[in-house]
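Given only the sequences and the hints, what does the whole structure look like? Please build it.
Going down the list, the sequences are from chains A and B.
Going by the working numbering, the first sequence opens with residue 6, and the numbers climb by one from there.
Going by the working numbering, the second sequence opens with residue 134, and the numbers climb by one from there.
It should be emphasised that the hints constitute simulated quantities derived from the structure, not laboratory data.
The hints are all genuine.
Just some of the chain B residues that point at chain A, by a computed CB distance under 7 Å:
| no. | residue |
| --- | --- |
| 1 | Arg149 |
| 2 | Met242 |
| 3 | Pro246 |
| 4 | Thr279 |
| 5 | Pro315 |
| 6 | Thr361 |
| 7 | Val366 |
Here are a few chain A residues that sit away from chain B, every Cβ distance over 10 Å (derived from the structure):
| no. | residue |
| --- | --- |
| 8 | Ala18 |
| 9 | Ile50 |
| 10 | Lys55 |
| 11 | Gly104 |
| 12 | Arg155 |
| 13 | Glu169 |
| 14 | Ile184 |
| 15 | Arg291 |
| 16 | Leu298 |
| 17 | Pro311 |
| 18 | Thr324 |
| 19 | Lys358 |
| 20 | Lys414 |
| 21 | Thr415 |
| 22 | Asp423 |
| 23 | Asp428 |
Here a beta-carbon is modelled for each residue, glycine too, at the ideal position from N, C-alpha and C.
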Amino acid sequence: MKHPFQIVLTNKASTILFASVKNHLQVFRIADGEVIGSWIDTVDIFTPLKKQQEDKIKALKAASENKDSASDSNDGSAEKKLKNNDSKPIKIPKIPVPGPGAPPIYNYIRSLALSKDEKHLVGTTDSDKAAIIFEIDLENSENCLKLIKRQVFPKRPCAVSIDESKLIVADKFGDVYTIDIDSEEPVEEKTLSPILGHVSMLSDVLVASYNDKKFILTGDRDEHIRVSNYPKAYVIKNWLFGHHEFVSDLHIPEFDPSLLISGGGDDYLCLWKWYEDKLLGKIELRELIEPFLTEAHFPPERFLTPESPKEISVSKILTYASKSKKKYILVLVENTKSLLTFELNDDYTVTHKQSFSTEYPLIDITLNENDGTIVASLDHETTDNLLAFYIFNENDELAILEDKIDLVKTITTANQCDVERRDEFYPLYYINTLRKRSEH
Amino acid sequence: RAHSNPFSDHRLEYPRSPDDMNWEKLFPKFYDEESNSMTSSVEIADIGCGYGGLLTKLAPEFPEKLILGMEIRVQVTQYVEDRIIALRNKHENDEVNFQNISVLRGNAMKFLPNFFRKGQLSKMFFCFPDPHFKQRKHKARIITNTLLSEYAYVLREGGVVYTITDVEDLHKWMVKHLEEHPLFERLDEEWEKQDKCANIMYNSTEEGQKVTRNKGSKWIACYRRLPTPEDCV
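Structure below.
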């Protein structure tokens, strides 16, 4: 069987589809499913460990040199004796081999984003904690993807956003960095300095504008959403308080950039006027999503009690303005066979429109805001059916696009990641692991 | 326990937002039942207040201002709580009655904005913070470029960050980061000499007294919160 696609992303014209599986990135022409670009991450997954070792050796060498010079200049003191005893040749540390039970290292692409002009595709890797920047050249008939920069970061990047020629990277340590989107040599990671930081893992980052002034919005593993000025990110505008659990997704609709919809580990989404620091309302999900929750939504066994509810983790929030000028919010809850849609009314109240059920759990979705088509990657053990195409129909209801069977088959067949069994899948659902389960 | 990891998910109590904070519990004498509101709000914060020496010395200096100590270690917080209760009882009928100081357990590095509004504070103290000597742990230091932006957020223009330490490396680190931050400006030695809080900080904390007993050095650095740039909100 084929390993499911982990990330799917389409361009605005809905002509090409970017899809990632493990360390493979492929670009498909949606008209016929032909592969027009591909890239395989060949970086050794032990790169960070090797680098750590190199740094350790360097530090040890430097320390031993210091000791030598110190003992030269010191005379007959007790201190000297100690140091002489110490001046053995330095031991080269071994590359640590992860023991049994150590968390496995994965080589996969963690996030993908397309620049506004669609000339660049950016992503982040798990293996070497890097941001990757591709130039997209559709004229190149052999491969439309060209890796132009790979910038390694001190900590694992979790989310990316693009502001014109800058890539904005939010990491697991809570820091946000910017780097240039160009083909210049990457800089030494130690010289990078964050433009802002939380003391909590970041889960999403967005650049937003209000009256031509820019801001950075960051969401973290605590409940915080922060609005900072940009580029003067050291001036914090405010925090948006409304979540109880982690924040995992921030979304600003194209049809109204003054709005923000945020979701995470709570039973609801928050709808904000982010600039005005105003919570417009909460969109309750619990009752609507309950029928789609399974045993898999219970907390891990060691935290499970008879009272534990099934847990909701929002994996994607999207918005769509239909041809009939109505506005919709589309929500994917992690590991469910469903998409929920809500109509966003002019007074910012929200009405549930549809609970659309799907044949397989959805891993990721991408929505084309122009024509209302959705591409979804399916959690399915198959060799030819890893995607589904849906559309907002004339009644603004989600429906399956039926004529895509051949296209889906072509694309799935081109996926080169074959696995024998389901347990060889990379973790497809990890958002719920952001949930805090502290005992002390 | 001398250390506490500021990154871990301690089971902490903190308000959802400053609007949800129940200050009445901490400062009951500053609560007006008729208007159902506080008559004063916290303006001075001692971050990592330790055993509370600074709080007790500041109390008589600012009788109308509320002063809050934040401490991440449970037992230490408990000690300070008991100490303040004892002081309040003992001085119930005195002019200085210690009703204006209080303490809570919290992780200021993570949750400061849950407690304080923008520009609410006029003074923040960082006395003998954990030096976190290892390079790898430097982000755990209480003064970093990125955290200073949060301190600048809760401080009003002209507000002051006070730092003191007996670890010269940490002093240099704090000065470097404060120096680099566009929203802070160093206050000179003349200012330190005439400022009563700087003097109290130098002499009154338990850590500070220990350093004096051991004839160690103490380094002070105080910084003023500069106005927010005009092109920012």
